[in-house]
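*Asks:* Protein sequence lines correspond, in order, to chains A and B. Our numbering puts the first sequence at residues -12 to 86. Our numbering puts the second sequence at residues 122 to 340.
Rather than coming from a laboratory, the hints here were simulated on the basis of the structure. All of these numbers come straight from a predicted model, not from anything done at the bench. Treat each hint with caution, since some may be false.
Stated by the list, open to error - Simulated pairs of lysine-lysine, DSS-like, Cα-Cα distance not exceeding 30 Å:
id: 1; chain 1: A; residue 1: Lys54; chain 2: B; residue 2: Lys142
id: 2; chain 1: B; residue 1: Lys142; chain 2: B; residue 2: Lys302
id: 3; chain 1: A; residue 1: Lys(-4); chain 2: B; residue 2: Lys142
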Amino acid sequence: MHGHVDSIKTYTLVFLSLLILTAATTAVATIDLGALNVVMALFIAVVKMLLVALFFMHLRHSTILTKVVVGGGMLWLGILLVFSLADFVTRGWLPVPGK
Amino acid sequence: MDSHIQVPELQEQFETPAQQKDASTLGMWIFLVTEVMFFGGLFLAYAIYRRAFAGAFGLASNTLNVWIGAVNTGVLLCSSFTMVLAVRAAQIGGRRALVVFLILTILLGGVFLGVKAYEWNEKFEEHHVPGPTFHLEGTTEQGPAQLFFSLYFTMTGLHALHMVIGEGLMLFLLWHAYKGKYTPSYYTPVDVGGLYWHFVDIIWIFLFPLLYLIARHQH
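Chain A extracted, bound-state conformation:
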């Protein structure tokens, strides 16, 4: 046998956390936090993603090479989102002559 076997208790705790976070994000969304509503929704989603990836997808026990590949993928996703939004968000900031 190869590969680390996690206990059912660990998986159950992760699963319950995911359900609680789903209830939390649904409840928090009804409270007016202004711009923080989006931040909270995405923050909880990222925490849920990390729980699924680290525990259910066994990323904790993966080889260094796999972790580097996943990290690289996240880096490129970050470039796609951050650079594109940096353009769209800042377009109205400075007056453009002749526009």
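Position chain B against the provided structure of chain A, taking the given hints into account.
*Replies:* Just chain B now, kept in the frame of chain A:
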């Protein structure tokens, strides 16, 4: 039941079975990274249009049934839980448990898709499907509202397509698990199948708040 269990041979390019399995896992992760980039483009499009047409997107988003969305998220998380228990059963050689957990995963995936179909049907009845008959109450911005529902159908539709493919993979795994093909020394297909299933779950983890919750505080 065929008691003659064949452990696939170690291929010549690998030194150990563990290395062979690591290569399969890595290959699946590389595929999933390409999927992240594929869905990433859609999430980017959503972010840009949501920012440009915040009012219409908020109004359109609030017509979705948040309770159905939340419960369906729970259903999908349950299926990920049964999937990870299936992988665990394969790791420790519990063939019966593996079969049972795979069946549960398939059933929960089916429930998710059924609820999704119900929701889509609602959109048709409410004229919230982009096209000539589209109409969203309470706004003059019919174009941006259609844009929201175009993204809604594209993103939930592609997610559902991945679920359907996942159901096919699970049926394949179930058949081989039933025949006793997987042992603690060889269960790679169950492992990488699980990776795919959890990835599809993660996509929904982001779709749910972005599509259903983003403007709930405005009501």
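*Asks:* Each hint needs a verdict: does it hold in this structure or not?
*Replies:* For each hint, the structure was consulted:
As the CA atoms of lysine 54 of chain A and lysine 142 of chain B are separated by approximately 15 Å, the hinted pair is consistent with the 30 Å bound. This hinted pair checks out: lysine 142 of chain B and lysine 302 of chain B have alpha carbons roughly 16 Å apart, not beyond 30 Å. Restraint check for lysine -4 of chain A and lysine 142 of chain B: satisfied, since their Cα atoms lie roughly 26 Å apart, inside the 30 Å limit.
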